[in-house]
Amino acid sequence: QKEVEQNSGPLSVPEGAIASLNCTYSDRVSQSFFWYRQYSGKSPELIMSIYSNGDKEDGRFTAQLNKASQYVSLLIRDSQPSDSATYLCAVNRYTGGFKTIFGAGTRLFVKA
Amino acid sequence: DTGVSQDPRHKITKRGQNVTFRCDPISEHNRLYWYRQTLGQGPEFLTYFQNEAQLEKSRLLSDRFSAERPKGSFSTLEIQRTEQGDSAMYLCASSGRTNEQYFGPGTRLTVT
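Quick note, the sequences are listed as chains A and B, same order.
Residues in the first sequence are numbered from 192 upward in steps of one, following the numbering used here.
Residues in the second sequence are numbered from 86 upward in steps of one, following the numbering used here.
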């Protein structure tokens with residue numbers, strides 16, 4: 192079992208729709224959770240962080256965390272073609288030093 | 086502040102040669118991470134520094150890979166006796182106490 196699992200996609204949504212991206216993780220001691228966006232040929236850029244159960248909203252993005260189910264999700268409202276990218280889920284845990292594990296990413300394609 | 090910088094951006098080397106990459110983090114960040122990323126995969130954790138102390142590292146770093154951060158500012162990653170399987174993008178990221186990581190542009194290594 193991978194430590195952080197994401198559906199590789201591609202996930203295709205029409206412009207203006209809600210895109211829903213999911214991530215599960217295996218280590219219960221994981222403490223903080225992040226979503227990154229990565230365009231082809233570029234490095235990852237941080238979208239959102241979430242540390243406690245529930246929802247966190249930032250503009251068109253909402254991150255959701257459920258530690259009991261070991262599940263993190265990202266909703267993108269009013270999806271735009273410029274949102275087409277790979278979305279990476281990352282899980283951070285402390286074991287004397289911080290270690291961050293990334294999922295393989297979900298490719299999102301927003302159709303104009 | 087100009088963000089995380091990495092040097093060189095591209096490196097082509099012959100199998101068996103040693104290579105060294107440099108990362109300059111965001112100036113106020115005391116945490117620094119190195120990752121390796123191959124096509125279609127998420128970044129793979131290599132090591133973590135807090136100031137000058139290397140507090141976490143993957144098993145990969147016990148062999149031909151080594152990293153330093155001698156003064157708690159810039160960091161170097163060295164690969165000895167490179168192999169074709171080392172061809173990848175090497176990413177550096179830095180963070181403050183929130184662990185929200187900001188990535189540099191990466192160094193693309195090609196081993197021929």
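Just so you know, these hints were derived from the structure itself, not from any lab.
All C-beta atoms, glycine included, are put in the ideal place defined by N, C-alpha and C.
Do not take every clue at face value.
Stated by the list, open to error - Quick list of the computed label-pair ranges, beta carbon to beta carbon: (1) D92/B / E236/A: 37 to 45 angstroms; (2) Y262/A / S151/B: 30 to 38 angstroms; (3) N103/B / R268/A: 46 to 54 angstroms; (4) R268/A / L124/B: 28 to 36 angstroms; (5) G125/B / R268/A: 23 to 31 angstroms; (6) S199/A / Q102/B: 44 to 52 angstroms; (7) E137/B / A208/A: 41 to 49 angstroms; (8) Y230/A / R107/B: 31 to 39 angstroms; (9) E153/B / Y285/A: 19 to 27 angstroms; (10) E236/A / R182/B: 16 to 24 angstroms; (11) T161/B / G245/A: 39 to 47 angstroms; (12) E185/B / Q192/A: 20 to 28 angstroms; (13) N244/A / R107/B: 38 to 46 angstroms; (14) Q102/B / Y285/A: 47 to 55 angstroms.
Which of the numbered hints above does this structure break?
-> 1, 6, 8 and 14
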